[in-house]
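Dock chain B against the given chain A, drawing on the hints supplied.
Number of protein chains: 2
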Amino acid sequence: MSDATTAEKRYYLDDLAVGQRFSSGSRTLSAEEIKSFAREFDPQPFHLDEAAARETFFQGLAASGWHAAAIAMSLMVRGGLPIAGGIIGAGGEIAWRKPIRPGDTLHVETEIIEVTPSRSKPDRGTVVARSDTINQHGEIVQTLTPRLIVPRRPT
Amino acid sequence: MSDATTAEKRYYLDDLAVGQRFSSGSRTLSAEEIKSFAREFDPQPFHLDEAAARETFFQGLAASGWHAAAIAMSLMVRGGLPIAGGIIGAGGEIAWRKPIRPGDTLHVETEIIEVTPSRSKPDRGTVVARSDTINQHGEIVQTLTPRLIVPRRPT
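First to last, the protein sequences are chains A and B.
Residue 584 in this note's numbering is what sits at position 99 of the first sequence, and the numbering runs on without skipping anything.
Residue 599 in this note's numbering is what sits at position 114 of the second sequence, and the numbering runs on without skipping anything.
Misleading hints may appear alongside valid ones.
What follows is a list of derived Cβ distance ranges for each label pair [stated by the list, open to error]:
{"#": "1", "chain 1": "A", "residue 1": "494", "chain 2": "B", "residue 2": "494", "range": "52 to 60 Å"}
{"#": "2", "chain 1": "B", "residue 1": "624", "chain 2": "A", "residue 2": "601", "range": "20 to 28 Å"}
{"#": "3", "chain 1": "B", "residue 1": "510", "chain 2": "A", "residue 2": "537", "range": "18 to 26 Å"}
Treat the hints as calculated values from the structure; they're not laboratory data.
Think of the CB as a built atom: it goes at the ideal place given N, C-alpha and C, for glycine as much as any other residue.
Only chain A is shown next, with the shape it has when bound in the complex:
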């Protein structure tokens, strides 16, 4: 994966328009990564142990939703959403739509939904995006709808 700072073009608010799309690189998740994240942040049986997970709602080991969110962010920061000044979120919505399983290969496709210059701060604006995390079967496993703070191009 390339580091975000090596991306060729970085987008200011002025460069973004509704309907623009960006695509990230991909990342494959191992069972050990799922368990390691869960041990620190989400120690529940369905994220920690294959056998215990089979008896739960998830019917098998599944990644923590917060792990899924963090992976989406890592893919966007590493070139999947090349915003000038970096990816700075004020908040947003998240929906977990299907379990993420060991061995899944994920990438993120982002579409720009709203672009709103700030009325009070002339150097920035707000962008709403929809970022779908998609697995190797083409299934959307997570949809994130972040509100981002994006700088205007310096004049």
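Coordinates of chain B only, in the frame set by chain A:
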């Protein structure tokens, strides 16, 4: 921190009501933890390096928002929201309200906002909660509004 499985009472849908409140233990975040999470999931200057961070929007090192979300989850799983069957989220909203700095001590206060039995699945329902992450100054740094899948008490 106690493990969630040692919590005395676990709440089924039938035990939850609008306005009920739960409080978590607390956790202090170091600069190294902030940087370590960022190196893996959110490698941007304001999460990685004190000096570089001073020149950014955050004006100093700040935790990744996804680190903040994961910490809130860890506090809820470890006794802060003792739901029977575990904390299973379908999604929700997140708002990052203030930066989280190195040395901050965080806890989570959760209030139950909605309790809705499923019409199609008699063994479960949906709960909406509001979970504020609060720092040592009493400031709300993050508000998470999860939609949770909660089992009904077995009859």
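Hints versus structure:
| no. | hint | in the structure |
| --- | --- | --- |
| 1 | A/494 / B/494: 52 to 60 Å | holds (55 Å) |
| 2 | B/624 / A/601: 20 to 28 Å | holds (27 Å) |
| 3 | B/510 / A/537: 18 to 26 Å | holds (24 Å) |
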